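Asks: Chains A and B are the protein sequences, given in the same order.
Positions 126 to 252 (the numbering used here) are the ones given, in order, by the first sequence.
Positions 126 to 252 (the numbering used here) are the ones given, in order, by the second sequence.
There could be a bad hint or two in this list.
Claimed, not checked - Listing some non-contacts, in silico: residues in chain A with all C-beta distances to chain B over 10 Å:
#1 G157
#2 E158
#3 A167
#4 G187
#5 R201
#6 C225
#7 T227
#8 Y234
#9 T235
#10 A236
#11 S238
As the list claims (entries may be wrong) - With the Cβ distance kept under 8 Å, some of the chain A side facing chain B (calculated, not the full set):
#12 P131
#13 D137
#14 L139
#15 F141
#16 G145
#17 R186
#18 Q188
#19 F189
#20 W190
#21 F233
#22 I237
Unchecked claim - Covered stretches of chain B, going by a simulated chain A footprint (3 or more residues, C-beta under 8 Å):
#23 156-165
#24 206-212
It is worth saying that the hints were derived from the structure and are not from the lab.
Keep in mind it's a predicted model, so treat the numbers as computed, not measured.
Yeah, the Cβ is synthetic: ideal placement off N, Cα and C, and Gly gets one too.
2 protein chains.
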Amino acid sequence: MTLQHPTRFDPDTLTFNDRGLIPAIAQSHSTGEVLMMAWMNAASVAETLASGQVTYWSRSRGQFWRKGETSGHFQRLVEMRVDCDRDCLLLIVEQTGPACHTNRRSCFYTAISDGAEAEIIAPEPPG
Amino acid sequence: MTLQHPTRFDPDTLTFNDRGLIPAIAQSHSTGEVLMMAWMNAASVAETLASGQVTYWSRSRGQFWRKGETSGHFQRLVEMRVDCDRDCLLLIVEQTGPACHTNRRSCFYTAISDGAEAEIIAPEPPG
């Protein structure tokens with residue numbers, strides 16, 4: 126459902142932090158589960174939209190990070206959304222395999238309650 | 126489901142950025158919709174856990190921001206989760222009223238596709 130006439134999107138109209146980055150939340154299209162949060166710069170936003178393959182910006186390596194490039198656990202972009210302040214992205218994705226480098230389907234596998242923390246999602250079986 | 130014996134949680138074990146903040150994603154417990162992203166410091170994490178009412182840190186005002194304090198659109202914490210890097214929080218919440226200050230149920234009401242952006246969620250009717 127579109128509520129207004131679409132306007133052209135320019136990644137440079139997003140609000141980036143002082144390192145030129147914007148947080149991007151990945152959510153599973155099929156289950157609604159929040160999978161991970163990582164960062165993008167304007168170029169990785171453009172690359173993600175152009176390729177349909179989610180491409181973050183690796184802060185530690187200072188380079189494009191096409192999700193799944195080494196693990197095979199790609200994220201195909203279904204829809205990109207931007208929030209009211211234009212300083213956060215929501216990526217609706219089709220996730221291949223587990224999203225987390227620990228082999229769990231989501232990075233948010235630790236729950237906090239009653240002053241304690243506990244793992245609530247197990248790693249996927251290998252294969 | 127708990128996969129290991131719970132260990133005591135200390136907010137100071139989270140990884141905060143150079144401003145002492147950690148991003149917190151709010152997701153609706155009832156619908157699974159991602160509602161918003163805001164920031165917390167260690168004190169607001171502790172306050173949120175103690176009170177059960179989601180309390181962010183307002184970067185613009187430099188003070189606690191108990192969500193809904195002025196709007197009445199509170200977020201009751203159902204569960205807090207932390208990601209694998211301990212540098213992002215996921216808050217499963219029961220949202221009262223719309224989460225967005227624009228009176229929409231989610232801040233992520235703008236979708237980007239085919240090089241254009243368009244609003245896909247309308248403001249809630251008043252009342």
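Asks: Could you check the structure against the hints above and give me the numbers of any it violates, in ascending order?
Replies: 1, 2, 6, 7, 8, 9, 10, 11, 13, 14, 15, 16, 17, 18, 19, 20
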